[in-house]
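Trainee: If you want the building blocks of each chain, they are given just below.
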Amino acid sequence: MNQKSVIQVKNLTKRFGTFTAVDNISFTVQKGEIFGFLGANGAGKTTAMRMLCGLSKPTEGSAIIAGFDIYQETEKIKRSIGYMSQKFSLYEDLSVNENIHFFGGIYGLSKKEIRERASLLIDKLGLKSASDKLVGSLPLGWKQKLAFSVAIFHNPKIVFLDEPTGGVDPITRRQFWDLIYEASDSGITVFVTTHYMDEATYCHRITMMVDGVIKALDTPSNLKEQYKAESIDEVFFELARNAKRKAD
Amino acid sequence: MNTLLVLLQKEFKQIFRNTLILRMIIAMPIVQLLVMPLAADYEIKNIEIAIVDEDQTALSRQLIHHISASGYFNLVSYGANYKKALQLIEKDKAVLALQIPSNFEKDLHKEDNGGLFLAINAINGMKANVGSAYLGQIIRSFNQELRLKTTVGYALPIMPLIEIIPVNWFNPLLNYRIFMVPGILVLLVTMIGSYMCALNIVKEKEIGTIEQINVSPIKKSHFILAKLIPFWIIGQFVFTIGLFGIARLVYGIVPEGNLLIIYGFLSIYLVAILGIGLLISTYSENQQQAMSLTFFFMMIFILMGGLFTPIESMPDWAQWVASLNPVSYFIEVMRMVISKGSQWQDLKSHFVVMTLFALFFNTWALLNYKKTS
Amino acid sequence: MKQFWGFIYKEFLHVFRDKKTLLLLFGLPIIQILLFGFALTNEIKNAKVAIIDNARDIGSKQIISKIEASQQFSITRFISPKQIELAFKTGKIKMAIVFPQDFYEDLMHEKSGKIQLIMDASDPNTATTLANVASGIIQSYTTTLQENNQLPININLDTRMLYNPSLQGSTNFVPGVMALVLLLICVLMTSVSIVREKENGTLELLLVSPFNAVMIILAKAIPYLIISLFNLVIILLLSVYVLDMEIKGNLILLFTESTLLIITALSLGLLISNIAATQQVAMVVSLMGMLLPTMLLTGFMFPIENMPLPLQLISNLVPSKWYYIIIKNIMIKGLGIEAVWRETLILFGMTLFLLALSIKNFKTRLA
Numbered sequence: 007m008n009q010k011s012v013i014q015v016k017n018l019t020k021r022f023g024t025f026t027a028v029d030n031i032s033f034t035v036q037k038g039e040i041f042g043f044l045g046a047n048g049a050g051k052t053t054a055m056r057m058l059c060g061l062s063k064p065t066e067g068s069a070i071i072a073g074f075d076i077y078q079e080t081e082k083i084k085r086s087i088g089y090m091s092q093k094f095s096l097y098e099d100l101s102v103n104e105n106i107h108f109f110g111g112i113y114g115l116s117k118k119e120i121r122e123r124a125s126l127l128i129d130k131l132g133l134k135s136a137s138d139k140l141v142g143s144l145p146l147g148w149k150q151k152l153a154f155s156v157a158i159f160h161n162p163k164i165v166f167l168d169e170p171t172g173g174v175d176p177i178t179r180r181q182f183w184d185l186i187y188e189a190s191d192s193g194i195t196v197f198v199t200t201h202y203m204d205e206a207t208y209c210h211r212i213t214m215m216v217d218g219v220i221k222a223l224d225t226p227s228n229l230k231e232q233y234k235a236e237s238i239d240e241v242f243f244e245l246a247r248n249a250k251r252k253a254d
Numbered sequence: 082m083n084t085l086l087v088l089l090q091k092e093f094k095q096i097f098r099n100t101l102i103l104r105m106i107i108a109m110p111i112v113q114l115l116v117m118p119l120a121a122d123y124e125i126k127n128i129e130i131a132i133v134d135e136d137q138t139a140l141s142r143q144l145i146h147h148i149s150a151s152g153y154f155n156l157v158s159y160g161a162n163y164k165k166a167l168q169l170i171e172k173d174k175a176v177l178a179l180q181i182p183s184n185f186e187k188d189l190h191k192e193d194n195g196g197l198f199l200a201i202n203a204i205n206g207m208k209a210n211v212g213s214a215y216l217g218q219i220i221r222s223f224n225q226e227l228r229l230k231t232t233v234g235y236a237l238p239i240m241p242l243i244e245i246i247p248v249n250w251f252n253p254l255l256n257y258r259i260f261m262v263p264g265i266l267v268l269l270v271t272m273i274g275s276y277m278c279a280l281n282i283v284k285e286k287e288i289g290t291i292e293q294i295n296v297s298p299i300k301k302s303h304f305i306l307a308k309l310i311p312f313w314i315i316g317q318f319v320f321t322i323g324l325f326g327i328a329r330l331v332y333g334i335v336p337e338g339n340l341l342i343i344y345g346f347l348s349i350y351l352v353a354i355l356g357i358g359l360l361i362s363t364y365s366e367n368q369q370q371a372m373s374l375t376f377f378f379m380m381i382f383i384l385m386g387g388l389f390t391p392i393e394s395m396p397d398w399a400q401w402v403a404s405l406n407p408v409s410y411f412i413e414v415m416r417m418v419i420s421k422g423s424q425w426q427d428l429k430s431h432f433v434v435m436t437l438f439a440l441f442f443n444t445w446a447l448l449n450y451k452k453t454s
Numbered sequence: 061m062k063q064f065w066g067f068i069y070k071e072f073l074h075v076f077r078d079k080k081t082l083l084l085l086f087g088l089p090i091i092q093i094l095l096f097g098f099a100l101t102n103e104i105k106n107a108k109v110a111i112i113d114n115a116r117d118i119g120s121k122q123i124i125s126k127i128e129a130s131q132q133f134s135i136t137r138f139i140s141p142k143q144i145e146l147a148f149k150t151g152k153i154k155m156a157i158v159f160p161q162d163f164y165e166d167l168m169h170e171k172s173g174k175i176q177l178i179m180d181a182s183d184p185n186t187a188t189t190l191a192n193v194a195s196g197i198i199q200s201y202t203t204t205l206q207e208n209n210q211l212p213i214n215i216n217l218d219t220r221m222l223y224n225p226s227l228q229g230s231t232n233f234v235p236g237v238m239a240l241v242l243l244l245i246c247v248l249m250t251s252v253s254i255v256r257e258k259e260n261g262t263l264e265l266l267l268v269s270p271f272n273a274v275m276i277i278l279a280k281a282i283p284y285l286i287i288s289l290f291n292l293v294i295i296l297l298l299s300v301y302v303l304d305m306e307i308k309g310n311l312i313l314l315f316t317e318s319t320l321l322i323i324t325a326l327s328l329g330l331l332i333s334n335i336a337a338t339q340q341v342a343m344v345v346s347l348m349g350m351l352l353p354t355m356l357l358t359g360f361m362f363p364i365e366n367m368p369l370p371l372q373l374i375s376n377l378v379p380s381k382w383y384y385i386i387i388k389n390i391m392i393k394g395l396g397i398e399a400v401w402r403e404t405l406i407l408f409g410m411t412l413f414l415l416a417l418s419i420k421n422f423k424t425r426l427a
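Residue numbers (the numbering used here), protein chains in the order written: chain R, 7 to 254; chain V, 82 to 454; chain F, 61 to 427.
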């Protein structure tokens, strides 16, 4: 499309044996965009995302992430992305500070850079008094905000979020989305999967996945218009009504 | 290189933060090394014997005196009731029951032949063998003495005698601890290395942090090295405590050979053992699986290690299996260096084999460890 | 009650979904029986022996051929005294037999000959056995020398081996392997599976359910009880059909006593799970902490009466020791409960104690 697109996916497919988890999907994501990936459990969201992150090899199709080929240049892709999974993935037996220093370190940031950014980050999150506490002792909401901040700590071009707000209260979720907007404003592309429909409306554009196939892709308001629906929830219901795969 | 340091820092922090595990993996081997070698004694002494003397003559009493004075046997019952002696065997109170029938002395003098009956509890085959061998020896020498005494003056053909002089090299006092302590130390270090390494990596899989590592640009060789190095150091540490703190101070075992050879071999051995742990971790989804696999293989390694039963006694197929067992090599090297003072040139082939093990397991693990699925 | 069975079903699913756990549960007992049955023995077979024959006469030749003919030794080579140390240090030989010059002449004329056995005593157990076996062969040579002379006054020893006439090692270790396998696997599996639920947070889920604590414990324990009994059947079948062992005693009694040991082990596992906060701790305690002590103190590898007194006392705390005594009596000697009631009572007492302690612990944690 143009130079500003940071994710280009073409006919991407992933099969596990005879089961096609992701079936021939294509889309493009622009720089700084918040791109939502919606679908029921088992629709193939996570599998698609894992391929884009280089955690899983596609069966067919192509994708360019941050300018790098998904088959040949996975290690280069990994330098340009951040990732936060639905499983909480900071080290619970390390302190807030130690986690930040560790993840900064493995992305090759210098000690000085890490120190500077870390103190900014801790201030921003209001974690100053807790910076030497073990992450395991923090409340879930804080952990998740911290995990997101750590995922973008090295200033990646894209950050992938896999159902990042599972299990947290609405207020924390709202705060979490503030962080996402901030990241997007600073030019980081956000790719997020979710099954909370209210969250979908926060995205710039959303993709609806049903049975491994993209059923719809547009801005939330366009989608509502197109399906003459009151809410994204209704759109989704309309699309997923004939889904064959059971949510598990 | 820099990322490796960052990773190592993290591993050490986590290990030293979990003081309970750290204390256990250091204290447990020490306690076991202090106590267990005392249990592992095959030497058979004080074999319980019940004697049924139905003859009740001077000769029968002389024989009994010979047996009890030999030092091998512990006379638990003496009487004339054979049934009672058998009951003692049944209750595991006696291993042997010797029956001296009535007319023993009479028959011996009249017919030149006297019979004794021996019943042995043979559940423990080895004890039964040794017990009957000792008793046979005593009775033979008693027989010989008797013969010489009673036939004084006759022109007897003199029996040629071969005197067997056993010489025990490397361990003249047959102190079995010189053998057991280093062997048990090897087993303990092996268990710590393989378990802790496998569990540690799988734990990251189980809680999901490994995903975070896999999407990062960390090289997998760095990640794996950072996992191996801390346990390599802990293994060296535990081994050193065992070798100097326990083997030397408590049991007085001073290696005859060069310490450098032991540590050189240990260094390669630990890489191999940690490689096995690593390999198991790549095949396991969670800690329970890792533990099951490690336990399964460790049990075979330990039993086939040549410490509790000699490898030479195994059938060919089992010796072949044992030759694929890293544990058996280290136990042998320990024995050779510590009690025989074997030198580098005696052990070259062991070093080569262990290096191959280390390369093999780690390469396999590295190939099987996937950042992508 | 229906929920209770659902619960047990869930535990079974956990176990059977996991091939690696299955390998441990069922593979280990089989491998152990086969190893002990066919590979692990203290008997001397083909021990490597070097000969230093300074005599080279008929006497030394006859003895050497006798040694060669025995299955127990294999003569690797004839070497000079200078090479002998190297052969020991490289582990090529276990023993060296040295014949002095004029061995046969001395034997015939002076009626006495000398043979030196140089042992590799770095493995003292093997060294002693080797020396005994070699002495036996050499002494039997002297008997052949005087075969033609009829001697007066002969004491004959008529020996009868009870319970195990063929002196098979298996009679000794099968009960030992049963004790080891039942105890270790049960302790390990219960402690780890409970702590795992604790770590995952699913235990709390169960605890807030309408089950009471005892039901939860039972549901955790029953699958492992059944699996262990099944294991026992495998071990017994292997012993009878592969190792040709005979089970003399009452099978019902055998299984009852085994159930008792399994319950002891499950209680111990439960207790460990109360103390341990993470799976790693549970594993370190129930595996690294228990493996060697159970192996060595049960009494099937090393006779307990040889151990120093403190260790003999400690061995009384090992449940598998009592079970081992019981099973030997039932399986091999064919005795009944009248012979093992004391040991059974001790094991029963241990079980009650462990069970009470762990249930108390489990409940206080809830409060």
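Because the hints were derived from the structure by calculation, they are not lab data. Quick reminder that beta carbons are idealized off the backbone N, C-alpha and C, glycines included. Heads up, a few of these hints could be off.
[What the hints assert, rightly or not] Think about it this way: if two alpha-carbon atoms lie no more than 16 Å apart in a straight line, the pair counts; the simulated EDC-like pairs of lysine to aspartate or glutamate are: (1) R:230 with R:240; (2) V:284 with R:240; (3) V:286 with F:398; (4) V:286 with R:81; (5) V:94 with R:138; (6) F:174 with V:366; (7) V:172 with F:398; (8) F:79 with V:366; (9) F:171 with V:366; (10) V:284 with F:398; (11) V:94 with R:99; (12) V:301 with R:81; (13) F:308 with V:285.
[Unchecked claim] With beta-carbon atoms standing in for the labels, derived distance ranges: (14) V:93 with R:126: 52 to 60 Å; (15) F:73 with V:92: 28 to 36 Å; (16) R:173 with F:335: 47 to 55 Å; (17) F:140 with V:188: 46 to 54 Å; (18) R:118 with V:449: 33 to 41 Å; (19) R:47 with F:73: 40 to 48 Å; (20) F:203 with V:230: 16 to 24 Å; (21) R:75 with F:66: 47 to 55 Å.
[Unchecked claim] Residues from chain F that face chain V, not an exhaustive set, calculated with beta carbons under 8 Å: (22) 87; (23) 90; (24) 139; (25) 162; (26) 176; (27) 188; (28) 220.
Trainee: Any of the earlier hints contradicted here, and which numbers?
Mentor: 2, 3, 4, 6, 9, 10, 13, 14, 16, 19, 23, 24, 25
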